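K.L.:
Protein chains in written order, with the numbering used here: chain A, 269 to 491; chain B, 10 to 225.
The set of hints was computed from the structure by calculation and includes no laboratory data.
Here the structure is a predicted model, which is why all the values come from computation and not from measurement.
Among the hints, erroneous ones may be present.
To be verified - Short, incomplete list of chain B residues facing chain A, as computed with Cβ under 7 Å:
(1) P73
(2) G84
(3) L87
(4) L172
(5) T179
What the hints assert, rightly or not - Residues of chain A placed beyond 12 Å of chain B at every Cβ, according to the derived structure:
(6) N322
(7) R333
(8) A391
Glycine residues also receive a C-beta, built at the ideal position from the N, C-alpha and C atoms.
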Amino acid sequence: MNYNFRFEILLRYQDEIISGVLLTLQLSVLTMILGLLIGLCVAIASNHPARSLNVPARIYVEAIRNTPLLVQLFIVFFGLPSLGIRLSADLAAVIALSINMGAYAAEILRAGFESVRRSQIEAGRSLGLTAAQTFRHVVLFQAMKAIYPALASQFVLIMLATCVVSSIGVTELFHQAAFIDSRTYRSFEAYTLITLSYLLLTLAFRALFAAIYWLVFVRRPAR
Amino acid sequence: MIREFAGADVVYLLLAARWTVALALIAMLGGGLLGLVIAALRIVPFRPANWLALLYINLIQGTPLLGQLFVFFFGLPLIGIQVDAWTAAAISLSLYAAAFFGEIWRGALQSVSPRQWEAGASLGLTYGQRLFYVVLPQALRVAVAPTVGFLVQLVKNTSLTALIGFVELTRAGQIISGATFAPLRVYLVVAAVYFVLCFSLSQMSRRLERRLHAAR
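Build the full structure now, drawing on both the sequences and the hints.
P.N.:
The following block contains the structure:
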């Protein structure tokens with residue numbers, strides 16, 4: 269055991285690391301937004317009484333949640349070209365990540381809607397609100413507060429999961445570790461530094477989500 | 010030489026799925042044992058032990074598993090342990106599972122009301138008796154369903170070991186896809202095998218949850 273650790277070499281690659289962090293952030297934020305939109309549609313569809321809506325929604329959720337993201341990514345990036353759909357690595361990454369996030373978001377949102385008591389909906393309806401108004405003014409805020417913690421931790425999980433897209437050549441943060449490794453042959457140092465960088469991102473996201481929770485749900489609880 | 014994607018390839022994929030299952034079982038065992046230690050460190054009334062466990066959990070849950078895999082794959086040889094992809098995968102998945110099992114089981118233990126401890130004490134039971142006859146049976150009931158649920162994550166996450174070259178289901182899919190140039194069909198079969206493994210676990214977790222919940 270006489271390996272000389274040389275973490276200082278990595279300092280030369282700060283530009284690559286910063287560009288990797290920025291791309292990881294872009295991917296994560298885009299995935300969170302698109303995944304939440306998909307999840308909202310799927311959650312509403314899977315609670316809908318029409319079988320033609322709720323059955324496909326449930327199949328989607330089960331199929332995505334019971335297969336690995338890496339395989340989903342490979343199907344989108346390597347598989348779809350056989351059907352004549354060619355996507356750039358970046359686009360394939362966003363699509364696969366959003367489809368994945370959508371299934372988890374849908375489950376969280378569905379649980380949230382179910383957690384709002386039926387009497388609340390009945391109260392809204394008896395005040396003369398339409399179903400849509402009841403949903404918007406009565407159910408949504410209460411449901412959001414109940415599911416916010418689960419949703420926030422799912423966001424952090426998908427941010428960490430973005431690193432698998434390095435395997436199809438998206439030059440996000442984890443890909444930069446392979447790049448630095450190929451230039452310096454300092455594999456351990458490169459992967460350790462990049463892995464710990466994700467820890468900083470995680471802590472930053474958690475702090476941000478906690479701040480949003482405080483602003484939206486704690487500071488003005490009555491609506 | 011390009012060939013057709015045939016029945017023999019499906020058999021090859023199914024055989025490769027053995028390694029996916031084996032890896033998940035090893036991570037379950039290793040992670041389970043270490044997870045018990047983590048859960049215990051989290052609840053003992055000794056602050057530095059709590060902090061140590063919390064540091065470990067945050068480190069594992071705050072960094073990507075893929076990064077942990079690479080750190081072990083490249084790091085263990087530096088301290089003189091020659092590793093193949095199999096060892097690196099088994100060690101990092103076990104350490105990963107331990108953090109999650111530790112949290113699941115801590116939650117289960119703490120879900121048992123402190124009154125139960127007090128009631129046991131007032132009946133004159135020792136600490137060990139209170140733990141084994143009063144608290145653990147109740148905590149186990151809470152813990153079983155999420156534990157099985159986490160196994161789904163574990164099976165899915167074994168796919169990442171393909172990226173350090175361990176030949177399990179996903180890596181076998183990459184190999185066959187390279188030989189047959191039929192990526193869509195190959196990866197759909199791969200996904201189907203994962204689905205069968207994971208869906209049965211999810212259903213088991215759901216059924217356990219329903220049954221144990223109803224029994225309370």
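K.L.:
Run every hint past the structure and note whether it holds.
P.N.:
Outcome of the hint check:
no.: 1; hint: P73; verdict: holds, 4 Å
no.: 2; hint: G84; verdict: holds, 5 Å
no.: 3; hint: L87; verdict: holds, 5 Å
no.: 4; hint: L172; verdict: holds, 6 Å
no.: 5; hint: T179; verdict: holds, 6 Å
no.: 6; hint: N322; verdict: holds, 17 Å
no.: 7; hint: R333; verdict: violated, 7 Å
no.: 8; hint: A391; verdict: holds, 28 Å
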